[in-house]
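2 protein chains.
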Amino acid sequence: MKSFTQNDLTSMESRYRAQLINSLSGFKSANLIGTIDNQGQTNVAIFSSVFHLGASPALTGFIIRPHSVDRHTLENIEQTQSYTINQVGQKFWPAAHQTSARYAKNECEFEQTGLSKTFIDGIKAPFVAESLLKYALTLKEIVPITLNNTLMVIGEITNILCEDSAITDDGYIDIESLGTVAISGLDSYHESQRLSRLSYAKPHQLPVHF
Amino acid sequence: MKSFTQNDLTSMESRYRAQLINSLSGFKSANLIGTIDNQGQTNVAIFSSVFHLGASPALTGFIIRPHSVDRHTLENIEQTQSYTINQVGQKFWPAAHQTSARYAKNECEFEQTGLSKTFIDGIKAPFVAESLLKYALTLKEIVPITLNNTLMVIGEITNILCEDSAITDDGYIDIESLGTVAISGLDSYHESQRLSRLSYAKPHQLPVHF
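If you read the protein sequences in the order shown, they are chains A and B. Each residue of the first sequence is one higher than the one before, counting from 174 in my numbering. Each residue of the second sequence is one higher than the one before, counting from 174 in my numbering.
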């Protein structure tokens with residue numbers, strides 16, 4: 174096995190290091206975050222850092238770099254407290270990737286990438302029409318991560334829209350059947366193939382595959 | 174599309190709700206976290222909440238529920254400041270799942286699940302021998318998330334061990350070639366199939382597939 178020490182990491186060329194370190198966490202979620210500012214200008218941007226935080230209350234987190242291309246997303250959420258998270262699917266993942274380009278504030282990523290926006294009653298932020306599983310959130314807290322000047326944005330889920338066919342009897346949503354993609358590293362996109370679901374693990378007995 | 178409102182979520186049966194909400198973030202990473210206490214008792218537990226936090230410094234985060242089965246992992250990290258993260262692969266994912274059973278503190282998940290531990294010089298915490306991409310971390314900060322009494326544990330990466338063959342010329346690690354699995358919901362495991370890598374997105378030009 175190849176071994177890297179902390180010294181190796183420190184002396185590494187920065188783009189090589191970014192690719193390497195971004196590969197370490199494993200597969201990442203692929204989501205488009207939709208926002209709007211108080212003047213009605215919409216924005217949509219891809220994030221690979223959305224993660225489950227809790228089911229009750231229903232909380233989702235994501236990491237944002239406030240001085241990067243992501244800043245329009247952050248400014249809009251701070252203005253309106255409203256945003257949507259839209260799973261990226263096999264039919265539009267290249268357009269989703271393209272939202273990460275550094276467009277000017279007055280250029281709308283929906284128009285630039287060909288993605289379509291859609292709205293529902295009571296929610297300010299736009300959804301991505303192409304996404305088959307999407308939900309609206311209200312901002313609850315922005316937690317500063319002082320170690321590297323990033324922020325964790327936490328929202329509570331208020332409305333879920335999902336293709337009926339993917340919702341199974343126990344509440345699990347078969348996101349593979351929706352064509353949801355995963356990301357590895359900074360730029361690699363993957364579809365999935367289920368190995369199995371496993372029953373809740375208990376000591377001294379084998380889990381059941383189902 | 175099926176629509177759920179906040180009222181629907183509040184009145185939902187709790188296990189159904191846990192399955193549903195856990196499906197929303199998209200594909201999750203599958204990692205085993207290895208720890209040891211000051212008496213030398215080792216622990217290994219699966220987590221689906223490990224995420225990339227930054228490349229410089231090289232920081233990784235994960236979410237932990239301090240009053241759950243995860244608490245031995247937390248106690249050990251607090252004692253020794255040392256832990257390892259080990260990507261879960263296609264050859265041992267059922268054993269990895271089994272580590273989530275509620276074993277007693279004096280039962281070692283390595284012995285109970287058949288996973289093998291291995292150590293390297295200078296790192297207290299055990300690695301999972303079967304894992305083809307793994308790294309050691311030093312605890313940097315535990316950030317309380319007061320909204321739901323969870324904690325975000327942040328560590329700095331000090332040593333990486335990876336199968337040589339998976340490291341590409343630009344630093345990207347081909348985790349698909351290592352058989353790294355992804356999780357959806359609470360209990361579904363998936364292998365992956367690459368769609369493509371895409372070049373860094375720039376405004377007004379299409380990304381290149383490679």
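No lab work stands behind these hints, which were simulated from the structure alone. As the structure is a computational prediction, the values presented were derived from the model and not from experiment. Just so you know, not all the hints are guaranteed correct.
The list treats identical chains as one, so a pair stands whether inside a single copy or across any two.
The calculated DSS-like cross-link candidates involving lysine-lysine, where the alpha carbons are at most 25 angstroms apart (straight line), are [as the list claims (entries may be wrong)]:
| # | residue 1 | residue 2 |
| --- | --- | --- |
| 1 | 297 | 375 |
| 2 | 313 | 375 |
| 3 | 175 | 290 |
| 4 | 278 | 290 |
| 5 | 313 | 264 |
| 6 | 297 | 175 |
| 7 | 175 | 278 |
| 8 | 290 | 264 |
| 9 | 264 | 175 |
| 10 | 264 | 375 |
| 11 | 297 | 313 |
Evaluation of the provided hints:
Taking the shortest alpha-carbon separations for residue 297 and residue 375, neither the intra-copy value of 44 angstroms nor the inter-copy value of 28 angstroms comes in at or below 25 angstroms. Neither within a single protomer nor between protomers do residue 313 and residue 375 lie at most 25 angstroms apart by alpha-carbon distance, with minima of 35 angstroms and 32 angstroms respectively. Proximity of residue 175 and residue 290 under a CA criterion of 25 angstroms is satisfied inter-copy only: 18 angstroms between copies versus 46 angstroms inside one chain copy. Within a single copy, residue 278 and residue 290 get their C-alpha atoms as close as 17 angstroms, which meets the 25 angstroms cut-off; across copies the closest is 51 angstroms, which misses it.
Taking the closest pair of Cα atoms, residue 313 and residue 264 never come within 25 angstroms of each other, the shortest separation being 32 angstroms inside a single copy and 40 angstroms across copies. Only between protomers do residue 297 and residue 175 lie at most 25 angstroms apart by alpha-carbon distance; the minimum there is 20 angstroms, versus 49 angstroms within a single protomer. Taking the shortest Cα distances, residue 175 and residue 278 never come within 25 angstroms of each other, neither inside one copy (43 angstroms) nor across copies (34 angstroms). With identical chains, the CA atoms of residue 290 and residue 264 are at most 25 angstroms apart within one copy only, with a shortest distance of 16 angstroms there and 42 angstroms across copies.
When the C-alpha separation of residue 264 and residue 175 is checked against a cutoff of 25 angstroms, the pair qualifies only between copies, where the shortest distance is 20 angstroms, while the shortest distance within a copy is 37 angstroms. In this assembly of identical chains, residue 264 and residue 375 lie within 25 angstroms of each other by CA distance solely across copies; the values are 21 angstroms between and 39 angstroms within a copy. Taking CA atoms no more than 25 angstroms apart as the test, residue 297 paired with residue 313 passes inside one copy only; the shortest distance there is 16 angstroms, against 38 angstroms between copies.
The structure fails to meet hints 1, 2, 5, 7 from the earlier list, while all remaining hints are met.
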